[in-house]
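Q: Hey, can you piece these two chains together into the complex? The hints should help.
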Amino acid sequence: MTDQMIVTQPDITELEELVRQARVHIVRSIASAHGGHLGGPLSAIDMLVALYFGVLQIKPDQPDWPDRDRFVLSKGHSSIALYTTLAMRGYFSVEELDTFDAINSRLQGHPDMAITPGVDMSSGSLGLGFSGAVGIALGARAAGKDFTTFAMLGDGECNEGIVWEGAHVAERYRLGNLVAIVDHNKLQQFGWHGESVEVRLPPYTGNQLVDRWTAFGWKVFEMDGHDMNEILATIAKAKAHSNGPVAIVAHTVKGKGVSFMENNYKWHARVPTEEELAIAERELGEPTGGGAS
Amino acid sequence: MTLAPGKALRVAFGETVTELANDDPRIVVLDGDLGSSTRVDIFEAAHPERFFQMGIAEQNMLGVAAGMATVGFVPFVSTFACFAVARALDSIRVLIAQPRLNVKITGGYAGLLAGMTGKTHLMFDDVAVMRAMANMVVVSPADEVETRQAIKAITDYEGPVYLRLTRPETPILFDDAHRFELGKATLVRDGDDVTVFSTGVQTTRVFEAAQLLAAKGIETKLVHVPTIKPLDEEAIVDAAREAGFVVTAEEHTIIGGLGSAVAETLSDRYPVPVKRLGLADTFGESGPNHELLEKYGISIEKTAASIETLVRAR
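From first to last, the protein sequence lines are chains A and B.
The first sequence begins at 1 in the numbering used here and counts up one residue at a time.
The second sequence begins at 294 in the numbering used here and counts up one residue at a time.
Bound-form chain B, shown alone (with noise of 0.2 Å):
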């Protein structure tokens, strides 16, 4: 069973923040003349008198923000990963961390996926510097319907978050059912051979790739955690109780994620082996997008032998 096809997380984010614009008054969108890629237009062509061009310029985009939260408003800024986290992340951190102001930051195009635009634009060490910078929330949704959950639950919260939002469609990981909630992990799937965590997009290949494995009766536990900081500490001490030995997978480098996070918190809580999946130690490059996932490592198959060779080795 493959999953069903769905829309980017670009997309959902252009259709949900304008959805919720109508009730919200204090909803504004800033944009860094990226707008027809990153689905912010759709919100301009909804609510032109809050949508607000900043122009090539992220640094000035991000102070500009943090002055409209002290007004009262709840600014998202959208641009690409790389231009948000790298380009702006001075204006990040005096201006948005550090007085807790109530900004939204869309890193859209994040991850190895970015259109053929190469190691320049791909952004995929952005949640390791977006998770050690204090007061920040890092949220990374897996699909277009936990996307519009993510985004209403960011708005209901009152600070600084980063959003990770990538540009290519993306097949539907969960129904109507689904309950994102802030800082929680969900079980996706239950399985007695291997415990995966895995956060964003990545968690529908996971998904994918314990089908593959099924067939050939490997059962994977798959914990979606859509929320890398704060961390679902609770979900992840105990499934590694349970488990003795977890994987984390990821579309972002293997120092600094998701992975790192959970490291982290059971070498502090609960020290078991954590074998990291993801991309590793370096830059990427252009190229279509399977290709890519094939060369460097995150696809459905290859993520599927990745975590058959750790379950076999044991």
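Isolated chain A, as found in the complex (with noise of 0.2 Å):
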């Protein structure tokens, strides 16, 4: 073990603050491209922090270290997120976030595993990422390796069918190094409409995302996703659990830690004004130490 990989009893408290941070780099960069999106990244990063900061054995200064557990992030519109965490980790400057979505920049839209140090599978089109973390797991396997493939998706995203595809094979294969996070933070872009126009339905109600990775064959777990003693021990539970794929169902709010952006669609992808951005820095404190005001 080297003393870039993982402390093994990680400070729930540091942790916290981390993500507290994280936050803040997401909304400021998302304002300063001008574009990107921001309510999938917002829901995801609490897990980011705990896998990056908690979980994953990496070397942030190597890379492609051929060892290392694997993260894919299959829903990569929330991009930001990712590189944020990765930004913090070390495997870039946190400066290099202001490029996001620039010209020239390798931190692109959505993930680049070509030019971005960190990203172990390109991803973006929706449900590709995850069957790349199914054919990394398979390869682990058959290469006699035994790091953990990390694959996170939205809900959203599991309307498509190649997400079943995918999760079938997984299961045929017993694949029990392979743990798919699913991001249900109960909106996707647009959906489907409720009452109005407005009130826009999840895309999966009740049960319906638990009983359907079970009814694949998976072992769910759930966990509530801004919890982070929960998100470290249902992570542990599902690494534990090895003789077969785990798919745990992370029950998040869309937007979380700015109140205007909750649980509302439109900050799927929304650009916040200077006077939004100044409201959200208000409530979510500074990006480096301190807390919020």
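These are calculated hints, taken from the structure and not from any lab test.
These numbers were taken from a predicted model, which means no experiment stands behind them.
It cannot be assumed that every hint is accurate.
[Claimed, not checked] Here are the computed distance ranges between Cβ atoms for each label pair:
| no. | chain 1 | residue 1 | chain 2 | residue 2 | range |
| --- | --- | --- | --- | --- | --- |
| 1 | B | Asp317 | A | Lys266 | 29 to 37 Å |
| 2 | A | Ala215 | B | Lys445 | 51 to 59 Å |
| 3 | A | Phe190 | B | His471 | 39 to 47 Å |
| 4 | B | Asp317 | A | Ile279 | 35 to 43 Å |
| 5 | A | Ala114 | B | Ile465 | 39 to 47 Å |
| 6 | A | Asp146 | B | Glu587 | 15 to 23 Å |
| 7 | A | Thr214 | B | Asn582 | 47 to 55 Å |
| 8 | B | Glu527 | A | His34 | 42 to 50 Å |
| 9 | B | Ala427 | A | Ala240 | 38 to 46 Å |
| 10 | A | Gly194 | B | Asp317 | 15 to 23 Å |
| 11 | A | Ala240 | B | Asp326 | 30 to 38 Å |
| 12 | A | Lys237 | B | Ala427 | 38 to 46 Å |
The beta carbon of each residue, even a glycine, is placed where N, CA and C say it ideally should be.
A: Shown next as structure tokens:
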């Protein structure tokens, strides 16, 4: 073990503080890029911080280390959440987040494994990254490597047929080295309307997601995707389950952390105005040190 | 002189990938539930631990191949051309071509002759689609000898490749002295009256058409172009400069295939008249092979007649 690999007992308060800082970077990056997605990154960020600072066996100064755990952000439109986490973890500088979505930037709108250190699989066309993750896990098994592959999917992404093609194959090969985390924030970009066109229904209601993954032969756990203790405990359970693939259905809030963005489908990919950014920054606090005012 | 009978390209593929895997532990095969047709059943029998059945789910199969490539394997993905290129195109584009992963996509049953399946399964615009994709190498061998050499060459090449394979038994054009080289065209036959660029198994038909034409006093220069991308531009420009007029031939639509590649290159570098022979802008149908080749105009006799008409008109 090198000192870059993960401590076994992550400090919950420290992780929660990292999550708070990450949210500030996310909102600022989207505002400064005048583009990108916000709702999904904010629902996913607690879990990304938990993985990169508390779970994954990785070496940020050696992103291609062959024995590293893999993480695939299949919901690739939440790229800014991944880039923020990678930057804070030391894959590149936090200042580079300012180049998000800019021309010639390594931080493209959707993750590109060919140019961005730490990106284990390209993604963005929904469902594909998960399929690649199934391949990584199958390849790891065939190569006799014992790392774990994690993939994060959106709940809306589970509309894609390829997700269930991959789920079938992963179960068929009993891939105990594969963990899928579904960010169940209950909103997709536009979705189906409810009583009025302003009311957007979740892509899956009630137990539908849990039931679907269970029906495909996966072991399924549920967790609160914003509770750091629960996230770490659930991922540990998932890793310990070794005779087949595990899906974690993470209950989250789209736009989490910024009051006016929470549970509002319109913040899927909206850019905050200067005024909105100021409110968000007041709610979230400074990007380094110090909490919300 | 007609060519000696030979094996189907799909059989040469199944045998060769199996042989190469004996010495190359990186090679794995992914099958989309067609192994008994595409002949990767040969591989499964020899290397069961490196054969991965992916079921009838091609989008995922191509994605899984990409993932396996990132762990150091050289995945050969095997299905019909229609399912690889049409069904799974997004997986190929985003997960294989864009990150330039080392996946070998084999499109079996490509072209007009797919065993009484009809238009759903007949994929003869596959080269057009794959040739337009950045980072993709496109290879279409002529016979079993060249198929074996091409598979070795694309295994040694690091990056995504589309290998076009066909179903029927195909006569042997090349002897063991043939040397397939990625990106290089080959002079098959010299002649002063007309110059033909051809690719894939169609080259064997053009070769036999050239014998028919020779009996009528027309001598054909035949340049075989097994790598459609990257194209051997020098060979094409040199031959065009010498001939002043060229013909292309392929078991593929005349839109976007070898004919288009040759025409694009020559219009940029040495404009001469180009006549494209191939399949028309249409879908196919079921039927016996020889009847399909006649109806769609790419049989040996039809090819000879087309070339003769072009020569006499000049």
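Q: Note whether the CB distance of B:Ala427 and A:Ala240 lies within 38 to 46 Å or breaks it.
A: 43 Å, holds
Q: With respect to the beta-carbon atoms only, verify the hint that B:Asp317 and A:Ile279 lie 35 to 43 Å apart.
A: With Cβ atoms ~60 Å apart, the hint is violated.
Q: Starting from the range 42 to 50 Å, see whether the pair B:Glu527 and A:His34 falls in it by beta-carbon distance.
A: 47 Å, holds
Q: Okay, A:Asp146 versus B:Glu587 on CB: inside 15 to 23 Å?
A: 59 Å, violated
Q: Quick one: are A:Ala114 and B:Ile465 within 39 to 47 Å, going by C-beta?
A: For B:Ile465 against A:Ala114, whose Cβ atoms are near 41 Å apart, the range 39 to 47 Å holds.
Q: Holds or violated: 39 to 47 Å for the Cβ distance of A:Phe190 and B:His471?
A: Hint violated: Cβ distance 57 Å, outside 39 to 47 Å.
Q: Okay, A:Lys237 versus B:Ala427 on CB: inside 38 to 46 Å?
A: 43 Å, holds
Q: Take the C-beta atom of B:Asp317 and the C-beta atom of A:Lys266, compute their distance, and say whether it sits inside 29 to 37 Å.
A: 53 Å, violated
Q: Range first: 51 to 59 Å. Now tell me if the beta carbons of A:Ala215 and B:Lys445 are that far apart.
A: For A:Ala215 and B:Lys445 the Cβ distance comes to about 44 Å; the hint is violated.
Q: Does the beta carbon distance between A:Gly194 and B:Asp317 stay inside 15 to 23 Å, or does it fall outside?
A: Once the Cβ atoms are compared, 57 Å apart, the range 15 to 23 Å for B:Asp317 and A:Gly194 is violated.
Q: Taking the beta carbons of A:Thr214 and B:Asn582, is their distance inside 47 to 55 Å?
A: 49 Å, holds
Q: Just tell me: holds or violated, for the beta carbon distance of A:Ala240 and B:Asp326 against 30 to 38 Å?
A: Hint holds: Cβ distance 34 Å, inside 30 to 38 Å.
The structure is inconsistent with the numbered hints 1, 2, 3, 4, 6 and 10, although it conforms to all the rest.
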